[in-house]
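Produce the complete structure using the sequences and hints provided.
Respectively, the protein sequence lines represent chains A and B.
Each residue of the first sequence is one higher than the one before, starting from 1 at the first, in my numbering.
Each residue of the second sequence is one higher than the one before, starting from 1 at the first, in my numbering.
Bear in mind the hints are in silico, worked out from the structure with no lab data behind them.
There could be a bad hint or two in this list.
So the derived label-pair ranges between C-beta atoms look like this [claimed, not checked]:
id, chain 1, residue 1, chain 2, residue 2, range
1, A, 273, B, 214, 54 to 60 Å
2, B, 300, A, 352, 16 to 22 Å
3, B, 92, A, 341, 38 to 44 Å
4, A, 193, B, 150, 48 to 54 Å
5, A, 273, B, 153, 38 to 44 Å
6, B, 153, A, 281, 49 to 55 Å
7, A, 329, B, 161, 39 to 45 Å
Since the structure is predicted, the reported quantities are computational estimates derived from the model, not experimental observations.
Ideal placement from N, C-alpha and C gives every residue a C-beta, glycine not left out.
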Amino acid sequence: MTGRPTHGKTPDGTPRLVLKGIGKVYPGVVANEAVDLEVRPGEIRAVLGENGAGKSTLMKIIYGVTRPSAGQMLWEGKAVHVENPAHARSLGIGMVFQHFSLFETLTVVENVALALPGAPALDELAQRITEVSERYGLPVDPRRHIHALSVGERQRVEIIRCLLQNPRLLIMDEPTSVLTPQAVRKLFETLRQLAAEGCSILYISHKLDEIQELCHTATVLRGGKVTGECIPAQETPQSMARLMIGKDLPHCVHGSARGDGELRLRLAGLSHACEDPFGTDLKDIHLDVRAGEIVGIAGVSGNGQQELLRAISGEETLAVKFPVQICGVEAGRLKPAARRRLGLAFVPEERLGRGAVPGMSLADNALLTAARGQDMLAGGFVRFGRAHAFAQRCIEAFKVKCNGPAAAAKSLSGGNLQKFIVGREILQAPRLLVCAQPTWGVDVGAATFIRQALIDLRDRGCAVLVISEELDELFEVCDRIAVIAKGRLSPTRPAAQTSVEDIGVWMSGMWPAADLEHQPPAGTPTEPANA
Amino acid sequence: MDAGLFTSMLFSTVVAGTPLIIVALGLLVSEKAGVLNLGAEGMMAMGAVAAFAVTHHSGNPWLGVAAGMGAGAAMALLFGVLTLTLMANQVASGLALAIFGVGLSAFIGKPYEAIALQAVPPIRIPFIADIPLIGEALYNQQALVYFSWALFWGLLWFLYRSRAGLVLRAVGESPASAHAIGYPVIRIRYLAVIFGGAMAGIGGAFLSVFYTPMWAEGLVAGRGWIALALVVFATWRPLRVLVGAYLFGGVMITQLFIQGSGLQIDFPSQLLSSLPYWATIVVLVAISRNANAIRLNSPVSLGKPYRPDA
Numbered sequence: 001m002t003g004r005p006t007h008g009k010t011p012d013g014t015p016r017l018v019l020k021g022i023g024k025v026y027p028g029v030v031a032n033e034a035v036d037l038e039v040r041p042g043e044i045r046a047v048l049g050e051n052g053a054g055k056s057t058l059m060k061i062i063y064g065v066t067r068p069s070a071g072q073m074l075w076e077g078k079a080v081h082v083e084n085p086a087h088a089r090s091l092g093i094g095m096v097f098q099h100f101s102l103f104e105t106l107t108v109v110e111n112v113a114l115a116l117p118g119a120p121a122l123d124e125l126a127q128r129i130t131e132v133s134e135r136y137g138l139p140v141d142p143r144r145h146i147h148a149l150s151v152g153e154r155q156r157v158e159i160i161r162c163l164l165q166n167p168r169l170l171i172m173d174e175p176t177s178v179l180t181p182q183a184v185r186k187l188f189e190t191l192r193q194l195a196a197e198g199c200s201i202l203y204i205s206h207k208l209d210e211i212q213e214l215c216h217t218a219t220v221l222r223g224g225k226v227t228g229e230c231i232p233a234q235e236t237p238q239s240m241a242r243l244m245i246g247k248d249l250p251h252c253v254h255g256s257a258r259g260d261g262e263l264r265l266r267l268a269g270l271s272h273a274c275e276d277p278f279g280t281d282l283k284d285i286h287l288d289v290r291a292g293e294i295v296g297i298a299g300v301s302g303n304g305q306q307e308l309l310r311a312i313s314g315e316e317t318l319a320v321k322f323p324v325q326i327c328g329v330e331a332g333r334l335k336p337a338a339r340r341r342l343g344l345a346f347v348p349e350e351r352l353g354r355g356a357v358p359g360m361s362l363a364d365n366a367l368l369t370a371a372r373g374q375d376m377l378a379g380g381f382v383r384f385g386r387a388h389a390f391a392q393r394c395i396e397a398f399k400v401k402c403n404g405p406a407a408a409a410k411s412l413s414g415g416n417l418q419k420f421i422v423g424r425e426i427l428q429a430p431r432l433l434v435c436a437q438p439t440w441g442v443d444v445g446a447a448t449f450i451r452q453a454l455i456d457l458r459d460r461g462c463a464v465l466v467i468s469e470e471l472d473e474l475f476e477v478c479d480r481i482a483v484i485a486k487g488r489l490s491p492t493r494p495a496a497q498t499s500v501e502d503i504g505v506w507m508s509g510m511w512p513a514a515d516l517e518h519q520p521p522a523g524t525p526t527e528p529a530n531a
Numbered sequence: 001m002d003a004g005l006f007t008s009m010l011f012s013t014v015v016a017g018t019p020l021i022i023v024a025l026g027l028l029v030s031e032k033a034g035v036l037n038l039g040a041e042g043m044m045a046m047g048a049v050a051a052f053a054v055t056h057h058s059g060n061p062w063l064g065v066a067a068g069m070g071a072g073a074a075m076a077l078l079f080g081v082l083t084l085t086l087m088a089n090q091v092a093s094g095l096a097l098a099i100f101g102v103g104l105s106a107f108i109g110k111p112y113e114a115i116a117l118q119a120v121p122p123i124r125i126p127f128i129a130d131i132p133l134i135g136e137a138l139y140n141q142q143a144l145v146y147f148s149w150a151l152f153w154g155l156l157w158f159l160y161r162s163r164a165g166l167v168l169r170a171v172g173e174s175p176a177s178a179h180a181i182g183y184p185v186i187r188i189r190y191l192a193v194i195f196g197g198a199m200a201g202i203g204g205a206f207l208s209v210f211y212t213p214m215w216a217e218g219l220v221a222g223r224g225w226i227a228l229a230l231v232v233f234a235t236w237r238p239l240r241v242l243v244g245a246y247l248f249g250g251v252m253i254t255q256l257f258i259q260g261s262g263l264q265i266d267f268p269s270q271l272l273s274s275l276p277y278w279a280t281i282v283v284l285v286a287i288s289r290n291a292n293a294i295r296l297n298s299p300v301s302l303g304k305p306y307r308p309d310a
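Following this line, the structure appears as C-alpha cells:
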C-alpha cells in the first residue's frame, strides 16, 4: 500500500451514501427522526444545525458507533448495516471526531497504528505518515507523544489517521472549533484537494460563513429532523440561519466603552511555573482591566488559558502578592473565597464539576458562590430560604428553563446551565467578572443572551475579562483584545482597530514587540467579525 | 559475609520475590486495561488452597499449579462479571473479593491443615549454574522462578512491542476513544482481568506447593496487598515491579537471617518483621516521584467503569 489514496469513483448517478428515514431514540429523547441524506463522490456536503440538533448522533450512526432505531443506509448503492467503527472503516468511511479520540500517553505513530487493520510495522508506518503529511500539507512528527502536541497538531493526526485508510467518505465533526483562522484555511485546502480526488466529505458545523466558503451542498437539521436542503453559495447567512434555528440570527447591542474607569484587575508581571508536566508555564503577563470595559483574551486552547484563570481565580495561589491585583489589593496569595470578597466573580470553563456540582440542586449550587455576598449564612447554619430565593431570581432573570431551584444541575441542558451560572455570578453585582468560554457548546439563542448580559454588566460599571477560543464572540463583545500563546500574553488592541486576520497571526505567538496599546497603527484594515 | 551465606541469601531472596513478581505483573496487566482489582489477596488464597488440594490428591505439583491458576482465574471472572458486566464499583467489589477469597480458602483448606507435601526438586540449568556465587542461587531454582522471568520479558515485549499490548494500553487510557475506533473494550478488559487472576492463582500455588509445601490459614500473609502496592509504587512499569519484588524479598530474608542468627540485638522482632513492608514502600515512593513519568505510565481511566453506548 502506498500513501496515495485511491478513491474509486462510483458510476455516475450512484450516490456514495444514502440515508433513508434514519431515526434514533434514546430513553426520553428523540435524537434523530426520519432523516434523509445523500452524498455523492467528490461532494462536500454540510450538515448544519445547532448544538443538540442531532448532527453528531447522525454521524455516529453512519460510523457505526451507535445503531439507528429505524431507517436504512445505502453504501454505494447497496444496503448496509454498519456494525461497528471497524466495519465502517473497512467500507471506506473515516471520521474525525469533535472531541479527539487520541490517546495522550501514546505516540503519533502508535495512535495511527491503533486505527489501521492488521499490524503494520511502526517504522514503516511512520514513513507513510510522513508521506501523507507532506502530500496534504499536514506537518506532524510521527514519533512525538500526543500530549506534547498542540490542539491543531492533534487534529492533523486525526486527519492523517483517516487518510491512511484511503477513505471514500470522510466525516468531519466541527473540525474548526479549535483552529486559528489560518489553520482553517489550510484545512479547507486539504479538504478541497481530497474532494477533487473523488472523496466524499460530510462537514458538520454550525458556522454559516465556513459552510458558504467550503461546501457544495447543505442539509439542515433542527430538533433531530431535516428542515431543509440548500446550496450554500446561493443562500445568505440569514436564510440559512432561518432554516437552522427557525428565526433570524439574533445580534448583540453594543455601545462604545468608557475606557477610563478605575482599575479593577492588574496583572503585573505574572509568572508561574505549572506543576502539571503537561501544562503551560505563565511568563511575565501584564494586563489591566478597568471598570466599564470588556477585555478579551484569544488563543488556541492549551496555551496557558487554564493556568491564567487559576492564577486569577485563586485556585492556584502564588508565592508573591503583587502580580495579581484585584480592585487595588495585591491578591496573589489569597484563596478564592478571599478574592471573591474583594469583588471578583468567576465563571470557569467546565460547567459541570467546576462551575456547578452536577448532583446538587440549583439552590445548593447558588449557595456555593453566593453564600457570603447574599447573606445566606447565619451563625454557621444555612438559610435555605434565601438560597432558594436567590436561585429563583437567577432562573427568572436569565430565563433558565428548568423545574425550579430544586432541579439538579445535571438535569439542565448545557445552554441553560451556563445561563444559570453566569446569572448566579452577575446577580451578585461583582466589581470584576472573569469568564472562560462563556458560550462554549451553547446554542445560538442562549449564546446571544449571555453575551448581551456581559455587555449590560459592563455598562453598569463592572470590569469584565473574557477568555475564549471563539474569535467571532470576542469581536462581538470585547472593547479590547489580547492573545495568549505559549504562556505569554500579547499587548491588547482595541477591537475596532484590529481584525480576525491579525489576531489569527498573533495566535501563533507572533506579535509586534512594541506596546501597541498606546500607538494604534494608522490604516489597519478593519472588518466586521462575521465577514 | 562468606560466599556460602551470600549464595543462600540470594537464593532465598529470589524465592521470596517470585510470587510477588508473578502476582504483581498479572495485576499490572489488568490495571493497564483500566481495571483495579483489589481482590489479589483472595485470588492468591484460593489459588494456594486449590493448588495444594490437587497436588495432595494427584501427587503432581503441575496439576496443582494448573488448578491454582484456574481458581484465581475463576475468582477474577466473578470480579469481571460484577464490575464489567454489572458495572459494580471496582473498589468495593475488589475488597469483597479479597475477604471472600481468604474466608472461602480457609474453609476449603480445613481438612488439609497439618499435611506436608513432598518438596518439589529445583531444576538445575547446566553450565550457568556453575557460575561461582550466583550460579547456585539463580540457576538451580524452582521452575516457577524461571517462569516469573519469562513472564517479565514476555510482558515487556507484549506491552511495548506488540499490537495487542498497544490496544490494551489504549483501552486503559481512554475506553471511550478505543470504543470509537472499534475495539471491544469490555472483552479486552475481561481478558486482562482473567489474566491477572490466573497469575494471582499461580502466585498462590507457588506459596503452598513450592515455597512452604503445606497449607495453613493465613498462608498468603498480605502478599496480595503488597503486590497491589508494588504495581502502584512501580508506576505501572514492569522493571520496577521486578526491582521492588526482589527488594521486598531481600529485606524479608535479611531480617529472617538476623532473627534466626541468634545475634543478641536490642530491637523488637515485630518491628524487624515489618521491615520488608515499609522498606519496599519507602524506596518505591522515593524513586517514583517524577510526576511526568507517572502521567505517562499510569492508566488514566483506572478504576472507572465504562459502558459502551449502543
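Do the hints match the structure? See the list:
1. 273(A) with 214(B): 54 to 60 Å: holds, 57 Å
2. 300(B) with 352(A): 16 to 22 Å: The hint (16 to 22 Å, Cβ to Cβ) holds, given that residue 300(B) and residue 352(A) are roughly 19 Å apart.
3. 92(B) with 341(A): 38 to 44 Å: holds, 41 Å
4. 193(A) with 150(B): 48 to 54 Å: Holds, since residue 193(A) and residue 150(B) (Cβ atoms, about 51 Å apart) stay within the stated range.
5. 273(A) with 153(B): 38 to 44 Å: holds, 40 Å
6. 153(B) with 281(A): 49 to 55 Å: violated, 40 Å
7. 329(A) with 161(B): 39 to 45 Å: violated, 57 Å
The structure shown violates the earlier hints numbered 6 and 7.
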